[in-house]
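Chemist: All chains, please: the whole structure from these sequences, using the hints.
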Amino acid sequence: MRVEFVHRTDGQMKASLFLEPRGRVREEVPVYSTIPSDMQSFKMWKTSWLTHNEYGKWKKGRWPEDLLGRLIPGKILSTRQVDGQGKKPFRGPIIAYRSFIIEAGSKKKLPLVVLGRLKKHVSPKDFEGLALNDEQRESLMADLKQDVWAPIAAWHPQPVSRRQEFDISDVLQFSVRYARALFFKDLTHGGWERFVETEAFK
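Note that the numbering used here has the sequence shown beginning at 797, numbered continuously upward.
Treat the hints as calculated values from the structure; they're not laboratory data.
Computed from a prediction, not measured in an experiment: that's the story for all the values here.
Treat the hints loosely; a few may be bogus.
As the list claims (entries may be wrong) - Pairwise CB distance ranges, derived in the manner of DEER restraints:
#1 K856 - R990: 14 to 24 Å
#2 E924 - R822: 35 to 45 Å
#3 P860 - G819: 20 to 30 Å
#4 K839 - G819: 33 to 43 Å
#5 E899 - L936: 29 to 39 Å
#6 E989 - K853: 40 to 50 Å
#7 R933 - L873: 20 to 30 Å
#8 D930 - E861: 25 to 35 Å
We put the CB at the ideal spot given by N, CA and C, even for glycine.
Modeler: Here you go:
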C-alpha cells in the first residue's frame, strides 16, 4: 500500500488508515509521525532500522509464532490525510503491524506501528530545524542516504488535546521497541515475553 500524508515534526496528527484485519471488523486508525526532531532521539530511532536487503529476507522468512504470536493478515484499504495545512505530502510504500499481549489475564491491544522505507518518506528538509554542527549534519546526511525500513508513524494510545498534539518522544520510544521486537525478535527491550497475536497490514 502506498500512503500519502504530510510529515511535520511539531506533533500534529498526520493521517488515518482504514484497516481490515482478516475476519475482524474494519476500523479507521489515526497515526502520528514518529520521525524524531532532535539528535538524541534520532540515535535511538536508528537502533530500530533494518536494511532493505535484510527486510526482504525478513519478509520471506518463517514467522516466529512462539515469540510474535499467531499472524493475522490484513489490508490497508485506504489512507486519509488529516492535517495538510498547505505542506507538501510525501509518498512511499508502508506496512503496519499491531500486536496483542496478555495482561492481568486479559488480551490487550498494543498501539499500531507504521513502517516505511526511509528514503521514500524522509528528506534532509525534514531536519532543517535542528541545530547541528558541521560534523553532526554530515553524519545525518549520510544516515538519510541509507536504504532502510524504519517506524515512521504510530497510533498514540493516550488522550491528546483538541489540537491533536502530543509529545512525539512518547510514540517514538514505543515504536523503536516494537520495531526491534518485529525485526530482531528483541521482545525483552520492550518488556514483553511474547505476543499472542500480531496483525499485519499491507
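Chemist: Taking the hints in turn, state whether each one holds.
Modeler: Going through the hints against the structure:
The hint said 14 to 24 Å for the Cβ distance between K856 and R990, and at roughly 22 Å that hint holds. The supplied range of 35 to 45 Å is met by E924 and R822, whose beta-carbon atoms lie about 38 Å from each other. About 22 Å separates the C-beta atoms of P860 and G819, a value consistent with the hinted range of 20 to 30 Å. Separation of K839 from G819 is about 40 Å and conforms to the stated range, judged on CB atoms against 33 to 43 Å.
Take E899 and L936: their Cβ atoms lie about 38 Å apart, and the range 29 to 39 Å holds. Roughly 25 Å separates the CB atoms of E989 and K853, a value that falls outside the hinted 40 to 50 Å. Distance hint check for R933 and L873: the Cβ-Cβ separation is about 40 Å, which falls outside the suggested range of 20 to 30 Å. For the hinted restraint 25 to 35 Å between D930 and E861, the CB-CB distance of approximately 48 Å leaves it violated.
Of the numbered hints listed earlier, those contradicted by the structure are 6, 7, 8.
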